[in-house]
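Asks: Once you have looked at the hints, place chain W on chain F.
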Amino acid sequence: MRPNHSPAIDSGMSIANAPITTFSDQFYAGARACIPVIISVAAYGVVWGVLARGAGLSVLEVILMSGLVFAGSAQFVALDLWSPIPSALPIGPLILAALIVNLRYLLLTATLRPLFGPHEQAKGALIMGIVSDETWAMTVAEMAKGRGTVAFLLGGGVLAYTCWMATTVAGHLLGSFIDDPTRYGLDFAFTATFLALLLGLWKGKSDLIPWLVAAVVAVISAKLIPGSWYILIGGIVGSLAGAVAERLRHAD
Amino acid sequence: MLTSPEALIAILGMALVTFAVKAGGLLLANRLPREGFAASWLRHIPGAVMASLVAPALVTGSAAEAIAAAVTGVVFFATRNLLAAMAAGVLTVFLARMALGV
Numbered sequence: 000m001r002p003n004h005s006p007a008i009d010s011g012m013s014i015a016n017a018p019i020t021t022f023s024d025q026f027y028a029g030a031r032a033c034i035p036v037i038i039s040v041a042a043y044g045v046v047w048g049v050l051a052r053g054a055g056l057s058v059l060e061v062i063l064m065s066g067l068v069f070a071g072s073a074q075f076v077a078l079d080l081w082s083p084i085p086s087a088l089p090i091g092p093l094i095l096a097a098l099i100v101n102l103r104y105l106l107l108t109a110t111l112r113p114l115f116g117p118h119e120q121a122k123g124a125l126i127m128g129i130v131s132d133e134t135w136a137m138t139v140a141e142m143a144k145g146r147g148t149v150a151f152l153l154g155g156g157v158l159a160y161t162c163w164m165a166t167t168v169a170g171h172l173l174g175s176f177i178d179d180p181t182r183y184g185l186d187f188a189f190t191a192t193f194l195a196l197l198l199g200l201w202k203g204k205s206d207l208i209p210w211l212v213a214a215v216v217a218v219i220s221a222k223l224i225p226g227s228w229y230i231l232i233g234g235i236v237g238s239l240a241g242a243v244a245e246r247l248r249h250a251d
Numbered sequence: 000m001l002t003s004p005e006a007l008i009a010i011l012g013m014a015l016v017t018f019a020v021k022a023g024g025l026l027l028a029n030r031l032p033r034e035g036f037a038a039s040w041l042r043h044i045p046g047a048v049m050a051s052l053v054a055p056a057l058v059t060g061s062a063a064e065a066i067a068a069a070v071t072g073v074v075f076f077a078t079r080n081l082l083a084a085m086a087a088g089v090l091t092v093f094l095a096r097m098a099l100g101v
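Here the protein sequences line up with chains F and W, keeping their order. The first sequence maps to residues 0 to 251 in numbering that gives the first Met the number 0. The second sequence maps to residues 0 to 101 in numbering that gives the first Met the number 0.
Pulled out of the complex, with its shape left as it was, chain F reads as follows:
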């Protein structure tokens, strides 16, 4: 038996002793590891599809948005802004909202840089398109164990992508069985979904200030400013308040 190594030496040893795995081994390992989080992707997908139909998206628009945008929270926010009447579609706010909601990906994908060699920037940038919160989390956990490869990320990513496409379209088709949403209280599905999404983001007390500020600012701007700008105004002011609060706490 090996004597106890210091952690640094031990991790060095296990890398040296690790069997050389092929791309497909790693790909399937990534897909397998992501199955638990993919189940939640599927649930979100069905809900988004049902709500997308209610918001007036056609099945083609669902396929295009899920396939090209592939970002759950941005797609949920887009439904609130969407209009089935083309001339009333707020193109600018939709794109701006997607940008702001997705800004956090800057931080997420930056942590994946060690997966790529110094000359693999372009390849890496292309692969980032398939990263989602769920597969990012699984890959980073794998990297923390001294493993984690591009193939692992791709395995989880391809599975999540396929699943998101399939379940959002399925949700849209499911929505066709519901004629008058208000009659069954389904108009509340939207608020209930966002409330649950919000509660799922709760990480601790430091979320209280940004959320409260965002809520108050959003309620006031919804009354004062026509359209859906209150989402962006509340989101920006609230998140800035959170950053200011954190800075003040650390200054103590």
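Everything labelled a hint here was simulated from the structure, so no lab data went into it. Treat each hint with caution, since some may be false.
[Claimed, not checked] Partner residues aside, some chain W positions facing chain F, computed with beta carbon under 7 Å:
1. Glu5
2. Phe36
3. Gly46
4. Ala54
5. Met85
6. Met97
7. Ala98
[Unchecked claim] Computed list of lysine to aspartate or glutamate pairs in EDC-like fashion (alpha-carbon distance at most 20 Å, straight line):
8. F/Lys204 / W/Glu34
9. F/Lys144 / F/Asp132
10. F/Lys202 / W/Glu34
11. F/Lys202 / F/Asp132
[Unchecked claim] For the chain F half of the interface with chain W, some residues (derived, Cβ under 10 Å), not all of them:
12. Ala97
13. Lys202
14. Ile208
15. Leu211
16. Ala214
Computed from a predicted structure; not experimentally measured. All C-beta atoms in this analysis are idealised placements derived from N, C-alpha and C, irrespective of residue type, glycine included.
Replies: Below, chain W alone, put in the same frame as chain F:
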């Protein structure tokens, strides 16, 4: 109706900015702040946006919506399941509207 030029532009624009941010994080990896003000601002954006979406809908709703929102929250914390929480909220609002006659 399949789609419209406006919808196509909106979706392509959303796709472009989303990809730009995802790719940008990797390309700027060595220059991005990992901690400090900018990093904590970026981290707080999703929650603040979601709170901004929910708050006006809850404030303008009737008692039925308020009760249903509370049930949605309780079920979500009990099950950690989005579908279950949404279904419980919808069922509650349906029953509460009947009971309260709103």
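Asks: None of the hints should be skipped; say for each whether it holds.
Replies: Here is how each hint holds up against the structure:
1. Glu5: holds, 4 Å
2. Phe36: Status holds, d = 5 Å.
3. Gly46: Holds, because the Cβ-Cβ distance from W/Gly46 to chain F comes to roughly 5 Å (cut-off 7 Å).
4. Ala54: holds, 4 Å
5. Met85: holds, 5 Å
6. Met97: violated, 9 Å
7. Ala98: Because about 12 Å separates W/Ala98 from the closest Cβ in chain F, which is outside the 7 Å limit, the hint is violated.
8. F/Lys204 / W/Glu34: With Cα atoms ~18 Å apart, F/Lys204 and W/Glu34 stay inside 20 Å; holds.
9. F/Lys144 / F/Asp132: Satisfied, since the Cα-Cα distance of roughly 19 Å is no more than 20 Å.
10. F/Lys202 / W/Glu34: holds, 17 Å
11. F/Lys202 / F/Asp132: holds, 15 Å
12. Ala97: With a closest approach of 4 Å, the F/Ala97 hint holds.
13. Lys202: holds, 8 Å
14. Ile208: Hint holds; F/Ile208 Cβ to chain W Cβ min 9 Å, cut 10 Å.
15. Leu211: This hint holds: F/Leu211 lies near chain W, its Cβ roughly 8 Å from the closest one there, short of 10 Å.
16. Ala214: holds, 4 Å
Comparing the model with each earlier hint shows violations of hints 6 and 7; every other hint is respected.
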